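Protein chains: 2
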Amino acid sequence: MKASSATAAPLSFAEANVDRFVRELTDLVRIPSIGSDARHAADVRRCAQWIASHLAGLGIADVRLLPTAGHPLVFAATPPVPGRPVVMVYGHYDVQPPGPIAAWQTPPFRPARRGAWLFGRGASDDKGQLFAHIKALESWIRSGGPPVGVKLLFEGEEEIGSPSLAAALRAYRSLLGAHVVMVSDSPMPAPGRPAITTALRGSLGFEIEVRGAREDLHSGIFGGAIPDPIEVLCHVIATLGDRSGRITVSRFYDAVREVSSTERRALAATGPSDQQLLSDARAQTGWGERNFTLFEKTTIRPSLTVTGIRGGHTGPGDRTVLAASARARVNVRLVPNQRPDDVARLLARHMARVMPASVRATLRFGRSTRPYQIAREHPMVRAAMRACRKGFGAPAALLPMGGSVAAVPAFQDVLGIPSVLVGFGLPDDGKHGPNERFYLPTFRRAVATSIHFLAEVA
Amino acid sequence: MKASSATAAPLSFAEANVDRFVRELTDLVRIPSIGSDARHAADVRRCAQWIASHLAGLGIADVRLLPTAGHPLVFAATPPVPGRPVVMVYGHYDVQPPGPIAAWQTPPFRPARRGAWLFGRGASDDKGQLFAHIKALESWIRSGGPPVGVKLLFEGEEEIGSPSLAAALRAYRSLLGAHVVMVSDSPMPAPGRPAITTALRGSLGFEIEVRGAREDLHSGIFGGAIPDPIEVLCHVIATLGDRSGRITVSRFYDAVREVSSTERRALAATGPSDQQLLSDARAQTGWGERNFTLFEKTTIRPSLTVTGIRGGHTGPGDRTVLAASARARVNVRLVPNQRPDDVARLLARHMARVMPASVRATLRFGRSTRPYQIAREHPMVRAAMRACRKGFGAPAALLPMGGSVAAVPAFQDVLGIPSVLVGFGLPDDGKHGPNERFYLPTFRRAVATSIHFLAEVA
Chain A
1 MKASSATAAP LSFAEANVDR FVRELTDLVR IPSIGSDARH AADVRRCAQW IASHLAGLGI
61 ADVRLLPTAG HPLVFAATPP VPGRPVVMVY GHYDVQPPGP IAAWQTPPFR PARRGAWLFG
121 RGASDDKGQL FAHIKALESW IRSGGPPVGV KLLFEGEEEI GSPSLAAALR AYRSLLGAHV
181 VMVSDSPMPA PGRPAITTAL RGSLGFEIEV RGAREDLHSG IFGGAIPDPI EVLCHVIATL
241 GDRSGRITVS RFYDAVREVS STERRALAAT GPSDQQLLSD ARAQTGWGER NFTLFEKTTI
301 RPSLTVTGIR GGHTGPGDRT VLAASARARV NVRLVPNQRP DDVARLLARH MARVMPASVR
361 ATLRFGRSTR PYQIAREHPM VRAAMRACRK GFGAPAALLP MGGSVAAVPA FQDVLGIPSV
421 LVGFGLPDDG KHGPNERFYL PTFRRAVATS IHFLAEVA
Chain B
1 MKASSATAAP LSFAEANVDR FVRELTDLVR IPSIGSDARH AADVRRCAQW IASHLAGLGI
61 ADVRLLPTAG HPLVFAATPP VPGRPVVMVY GHYDVQPPGP IAAWQTPPFR PARRGAWLFG
121 RGASDDKGQL FAHIKALESW IRSGGPPVGV KLLFEGEEEI GSPSLAAALR AYRSLLGAHV
181 VMVSDSPMPA PGRPAITTAL RGSLGFEIEV RGAREDLHSG IFGGAIPDPI EVLCHVIATL
241 GDRSGRITVS RFYDAVREVS STERRALAAT GPSDQQLLSD ARAQTGWGER NFTLFEKTTI
301 RPSLTVTGIR GGHTGPGDRT VLAASARARV NVRLVPNQRP DDVARLLARH MARVMPASVR
361 ATLRFGRSTR PYQIAREHPM VRAAMRACRK GFGAPAALLP MGGSVAAVPA FQDVLGIPSV
421 LVGFGLPDDG KHGPNERFYL PTFRRAVATS IHFLAEVA
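So the sequence lines, in the order shown, correspond to chains A and B.
Residue numbers are given in my numbering: position 92 of the first sequence equals residue 92, and the series is strictly consecutive.
Residue numbers are given in my numbering: position 255 of the second sequence equals residue 255, and the series is strictly consecutive.
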């Protein structure tokens, strides 16, 4: 079909209504749908219902909340178009906890426009991105209907590793047939430079708890003779990686796919420079494994981050305690062809080896996600490239991403559907940190890109 | 003078009034005089006033609150006895913060009697102990007056390292002349086994803060390329000591006095066994420097304890952040002849050497205290030994202690007065931990011992 002429009506509808779209997005960001926090369970549910009502209001006849073991999936489907593929759009309506409130310039759930930005937890990750697809679909519906069958699937547990998703995909398999999943939960390098994410790192989280005496003790009376769980924990963590950033768990790198020099040259040409990545991180200094660029270290190489540590007394006053226990959380990012279960086994064996017998220790693994890759030549990637060029007026960069989207390997494994990741977040959006924001000119272009994508795959 | 006949009257007064004494102590423990917590500044002051009023009520004419740069000293003096020495009793009315309230069986500042114990923060450390001396003095006063001049000096900042004490001792030097300071802020090995502490470890505290990026970052997008302050902090802490418990800061042990085999045999004969110390700590396993008993490790050897660590996210939910900063507090205990300033220099040099250039780090030293020793043959130690034998009906063990009492080196350095440390705390009193308690049969014997001591030195 002639994509360019068919898109004229929905594109002009979107342009005419963009201010309303932003107001609606603001309402969505206002809902504190923190999926990981039981105190916000009702808010998460309310968010799902808000989206479902909104979709029904667009005239979509088939809108459902699909129950899962955790938060529900929001599902909607337009009628199939005979002889045309079905595109499923995936996103998530849960958000990260806001973290320390004091670090926010405006409250995380009172979305605020400042300049060209909408600030608020979830504005970029992932409410702004999923809403662009909803508004693209609305634009098609108001212009006579989309040229392909469209399914929407929004989950409420992405930020906790999508624990219920794979089982739900199995349970609702008959509803969820599609040719491709369009996922927007990834970054683009800069405003006006769209990107298609061709690889995701996997993720494996664990918590280590080290226990010494039954209660906190006086560090003078007992210091030197009773194990110090904090010091032990530090020693154990120090065995996980060397000071150059190389992970020192035995056999950890065995399964890591070495990336060809051709691919690395492409990365160097297209990906962010070290300086750009530092600027995105608002950090002064890089770090990590030798002989790789900073971007390579975050994409084609695995990493290990201690995401939290706590023990003893660090509050006001000077309690000189020998702590009874200490714990840390670690997040490992995996690359092809590492398998989370294999890596967990290596870590468990490592811990058993390095943990001193003088303490009791517990190792708890959390959810894990496999890494993902799609070929640059895949026809759906090609369609997305054309849509990006039209939506942004610029060619899309094809880049790997350091983050993980648990749903993507699940779609592949459970439903056999490949995912195309077209991300609309900017690297300095503050995803997971304070002052998260979404760049509104990108929102407008994202709606256009989504409108084009449905035409390009038709 | 014939000590034994002179003590009959005060001893029988004390026996007759012990129940009232315990009720009064309960009132004292009820005051949340947490010296390190600015929110409790008024409570600390109220505690000082409570004690001063109580002393005035005993008929002591000279009772004062002596202002300092921090919390006031409570001072009282009975008239000097011509030709007899002056004994100064030192204690502290400030207490440690209670720590996690959930770990307490009854609230820390609602003192509760269970069995032979009085539970409450400060019951043992140090309110119960200083109150025994007040009640001994009351018993003498009600029996015609003490046989020596007695001064009482109670401070409100012991638990934060007595930051104002040395300056206050200099400022009030003319008031504070004495021949010996009786200090009760140390443990005895078991009920019925009194102890005189002949050595104290010194103490040096510091905080390390490590900073990476300006804000918390997404561990997927940036993990591997931006320094992880928590991991760096763990690496740095791991360089401070080896896994056997030996401190690995260069030249750290240079000044440590080697203890003779004779002294070590005496320690082995008198001090707690490894098993006893583990039982006191309610710990399953010991730890630390090779070739020393557990008790030696806590007394004649220095130690290093990480008293607190914090960074990133450890609360509910799974925020996979690459933290912007992390910090830890460390407490080093020193033995003769280590000097805190020298050790601080060694630590600062060590930190400068091991801290990677990829992060910014701050090292902040807190208060320090010198170690202390008194000869076993000192006449005041001998007088205290006789008093203990009479008060407890058992010989006193002469033992070093792993804790620090900042006032003791200050009395020596500023006023030239030696301290005799007769402690009434039990090792499992829960000092600094939850469920702190004081053993009331000891309180009764402590009052008797203090009555005897004043006679023995006369």
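Hints in this document: simulated from the structure, not taken from any laboratory.
All of these numbers come straight from a predicted model, not from anything done at the bench.
Quick reminder that beta carbons are idealized off the backbone N, C-alpha and C, glycines included.
Just so you know, not all the hints are guaranteed correct.
[Said to hold, decoys possible] To give an idea of the interface, some chain A residues facing chain B are shown, with a C-beta separation under 8 Å as derived from the structure:
id, residue
1, A116
2, R201
3, I226
4, D228
5, A283
6, W287
7, T314
8, R327
9, Q412
10, G416
11, P418
12, K431
[Claimed, not checked] Pairwise CB distance ranges, derived in the manner of DEER restraints:
id, chain 1, residue 1, chain 2, residue 2, range
13, B, S244, A, A116, 41 to 47 Å
14, B, R382, A, R360, 43 to 49 Å
15, B, R251, A, R353, 40 to 46 Å
16, B, R282, A, I101, 49 to 55 Å
17, A, R251, B, R251, 34 to 40 Å
18, B, R243, A, I101, 56 to 62 Å
19, A, R39, B, A61, 56 to 62 Å
Now the hints, each set against the structure:
1. A116: Status violated, d = 20 Å.
2. R201: For A:R201, the interface hint holds, since the closest Cβ of chain B sits about 6 Å away, which is under 8 Å.
3. I226: 5 Å, holds
4. D228: 5 Å, holds
5. A283: 4 Å, holds
6. W287: Nearest chain B Cβ about 4 Å off; hint holds.
7. T314: 4 Å, holds
8. R327: Holds, about 7 Å.
9. Q412: Violated, about 19 Å.
10. G416: Constraint on A:G416 not satisfied, violated at 25 Å.
11. P418: Nearest chain B Cβ about 21 Å off; hint violated.
12. K431: With Cβ-Cβ at 5 Å, under 8 Å, it holds.
13. B:S244 x A:A116: 41 to 47 Å: 59 Å, violated
14. B:R382 x A:R360: 43 to 49 Å: 46 Å, holds
15. B:R251 x A:R353: 40 to 46 Å: Hint violated: Cβ distance 32 Å, outside 40 to 46 Å.
16. B:R282 x A:I101: 49 to 55 Å: Once the Cβ atoms are compared, 38 Å apart, the range 49 to 55 Å for A:I101 and B:R282 is violated.
17. A:R251 x B:R251: 34 to 40 Å: Taking Cβ atoms as reference, A:R251 and B:R251 lie about 39 Å apart, which means the hint holds.
18. B:R243 x A:I101: 56 to 62 Å: 40 Å, violated
19. A:R39 x B:A61: 56 to 62 Å: 60 Å, holds
Checked against the numbered hints above, the structure breaks hints 1, 9, 10, 11, 13, 15, 16, 18 and satisfies the rest.
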